[in-house]
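Line order of the protein sequences matches chains C and P.
Per our numbering, the first sequence starts with residue 1, numbered consecutively.
Per our numbering, the second sequence starts with residue 1, numbered consecutively.
Hints may be right or wrong, so weigh each one.
In silico DSBU-like links for lysine-lysine, alpha-carbon gap of 35 Å or less [unchecked claim]:
#1 C:K67 <-> P:K59
#2 P:K225 <-> P:K330
#3 C:K67 <-> P:K61
#4 C:K94 <-> C:K30
#5 C:K145 <-> P:K215
#6 P:K337 <-> P:K215
#7 P:K41 <-> C:K31
#8 C:K31 <-> P:K337
#9 P:K163 <-> P:K199
#10 P:K59 <-> C:K94
#11 C:K30 <-> C:K122
#12 P:K61 <-> C:K128
#13 P:K241 <-> P:K174
#14 P:K241 <-> C:K182
#15 P:K41 <-> C:K128
#16 C:K30 <-> C:K145
#17 P:K241 <-> C:K30
#18 C:K170 <-> C:K182
#19 C:K122 <-> C:K145
#20 C:K151 <-> P:K241
#21 P:K225 <-> P:K163
#22 C:K30 <-> C:K67
#23 C:K93 <-> C:K31
#24 P:K330 <-> P:K241
#25 C:K67 <-> P:K52
#26 C:K160 <-> P:K52
#27 C:K67 <-> C:K145
#28 P:K59 <-> C:K145
#29 P:K174 <-> P:K310
#30 P:K59 <-> C:K30
#31 C:K160 <-> C:K122
#32 C:K90 <-> P:K330
The hints are simulated quantities; they were obtained by calculation from the structure and are not laboratory data.
Chain residues, written in single-letter form:
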Amino acid sequence: MSKNKVQYTEDQFIDGLRTGDNEILNALYKKYYNIVLKFIVNNSGSQEAAQDIYQETIIVLYENVQKPGFELNCQLQTYIYSIAKRLWLKQLKKNSKTFLFKDDDENEVVDVTEDVTAHETKEAELEKMNQSLAELGEPCATLIKDFYIQKLSMDEIAEKFGYTNADNAKNQKYKCLQRLKKSFFELLPVEQIERK
Amino acid sequence: MRPIDLFDDYLNGELSANDAAEFEARLNSDPTFANAFEQHKTLVDTLNRNEKRNAFKNKLKAIHASAFGNDAKIISIKTEEGFVKRYGKTVLVAASTAAIVVLSTVAAISPGVKQTINDFTELSFKVSASNNAVVEGIKEGARQKPLPAPANMEGSAFALNNKGYIITSSHMVKGADSVFVQNGSLERTLTEVILIDPKLDIAILKITNADITKKWEVPFTFHQKPTDIGETVYTLGYPRKDMVYGEGSLSSLSGYSNDTTMYQISIPVNPGNSGGPLLNDQGNVIGVIRGKITGAEATGFAIKSNEILKSISSITVDSIRTELLSQPKKQALKGLKRTEQIKRINPYVFNVLVYKKDI
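Isolated chain C (complex conformation) (with noise of 0.2 Å):
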């Protein structure tokens, strides 16, 4: 049992979720999951299914906290239940499972269509983007994470990965970015476009 718990409000927990604050990120987590667990294992869900749906739920709360002028209209159970509730329904119907929906009468509900939708769309993207990860099996993948994620410098890559120097780690990348660019967008390179 968790003694001496910081009491935080709402406002508290937007603006740290907004800015990233690992603790604030802690309590809230906690103090909303029961509300999704009971809800799932209420309908037919099991705990691992109501873990990743809270989870998912608080990756789209994040998302919206992010969004400039982000206001929340109700209170955040109500925003976190209804949004755990609508993506817990779509899985239901996806899996086509007969299920008895028992809906808890002391939550409120309000509509989250934007939000969800909106959510499914990035999610569906960044996961094109793991999957095409994936397929570009390594050194592509870490090379590429190296040089636009890391932001290391060619010289530093052809160190890491042993090319005999920048020009040739340029080289590399460039090939791994363009399979990268043919997975993920599914076109023709880029290369093909005129060259200056």
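On the provided structure of chain C, position chain P as indicated by the hints.
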């Protein structure tokens, strides 16, 4: 220069001022080039967002593991229709899997205690084959209907309040497929496991059939404060098929291995007593029987009532917390003779029957 290299150099600010200006001019005049650049930016941007998303997901997983643990088993109580048809009498079929709130994921017993855990006996009653034979033998003559299958584990429990909630030991219901309660006034009734606090070793069950519990008038309340040493205490439980009374005094304010969530009591407790109430003279619940030191006959341990209330108060689901904390209004037992108290308590102390698939 290949477009990709040019794009990267531009984005990384590595083009000279002249080249950058030329680059921008070309973006304005050459839609195909501008298009390819946009695509490149989208790709790099998606890469970065993807990385952040994956990191955030991992963070959530880590939070979950540390907050709710991987060892926090949620017991899924599934109704087995066949089982109910074969053995149930007035049993009720729960409509779905039970909603369970796990209160705590801390290991059941702190590391220091673990080393000497062998001395500590949790008092649930593992029903062995020979035991059944004895029970069956005794009942042989009187039996008319086929008996239900013997439970895998038995113990005690008692009503928490008038809303059909029942408290027992978590070590007993751990891994259960179904949990039934019964006593002299209640036939075998299926319950749902609502909550488990493995740290305190308590579990809360609920009788889902409101018809059974609507007339409940639980005569005792949970004592809010710790009790004093020396107070006369008693317990009721089901170490065997009939309820057994035990009396003694509160001998220490800490329990096994100086655990301050428990009292030590001088009541001989036996397997099956686990989950039973510990009451004081006024008939208030001051604890829940948890265990004893192996081999020591007149030393028992009970989880303090105030610790249990504290644990319930920390539930974050408002509706569940409020329901569980609801206590009978009056203390109906104050001033009554012990025998009279017991008569009133009797219907609210239960024998718990736990069925497990794998033991």
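Quickly compare the C-alpha distance for K30 of chain C and K67 of chain C to 35 Å and report which way the hint goes.
Holds, at about 24 Å.
Could you grab the alpha-carbon distance between K337 of chain P and K215 of chain P and see if it respects the 35 Å cut-off?
holds, 24 Å
Take the C-alpha atoms of K225 of chain P and K330 of chain P, compute the straight-line distance between them, and say whether it is at most 35 Å.
OK: K225 of chain P and K330 of chain P at ~17 Å, within 35 Å.
Against the 35 Å threshold, does the CA-CA distance of K90 of chain C and K330 of chain P hold or violate the hint?
violated, 48 Å
Pair hint K59 of chain P and K94 of chain C, alpha-carbon separation not exceeding 35 Å
holds, 27 Å
Are K241 of chain P and K182 of chain C close enough, with their CA atoms no more than 35 Å apart?
With Cα atoms ~73 Å apart, K241 of chain P and K182 of chain C exceed 35 Å; violated.
Proposed proximity, K52 of chain P with K67 of chain C (alpha carbon, max 35 Å)
holds, 16 Å
Hey, K160 of chain C versus K52 of chain P, does the alpha-carbon distance stay inside 35 Å?
holds, 23 Å
Verify the proposed pairing of K30 of chain C with K122 of chain C, using a straight-line Cα cut of 35 Å.
holds, 26 Å
If you draw a straight line from the CA of K151 of chain C to the CA of K241 of chain P, is it 35 Å or shorter?
Roughly 72 Å between the alpha carbons, so the hint for K151 of chain C and K241 of chain P is violated.
Straight-line alpha-carbon gap K241 of chain P to K174 of chain P, limit 35 Å
holds, 22 Å
Within a Cα-Cα threshold of 35 Å, do K67 of chain C and K145 of chain C meet the stated pairing?
OK: K67 of chain C and K145 of chain C at ~26 Å, within 35 Å.
The structure fails hints 5, 7, 8, 14, 17, 20, 32 (numbered hints given earlier, in ascending order).
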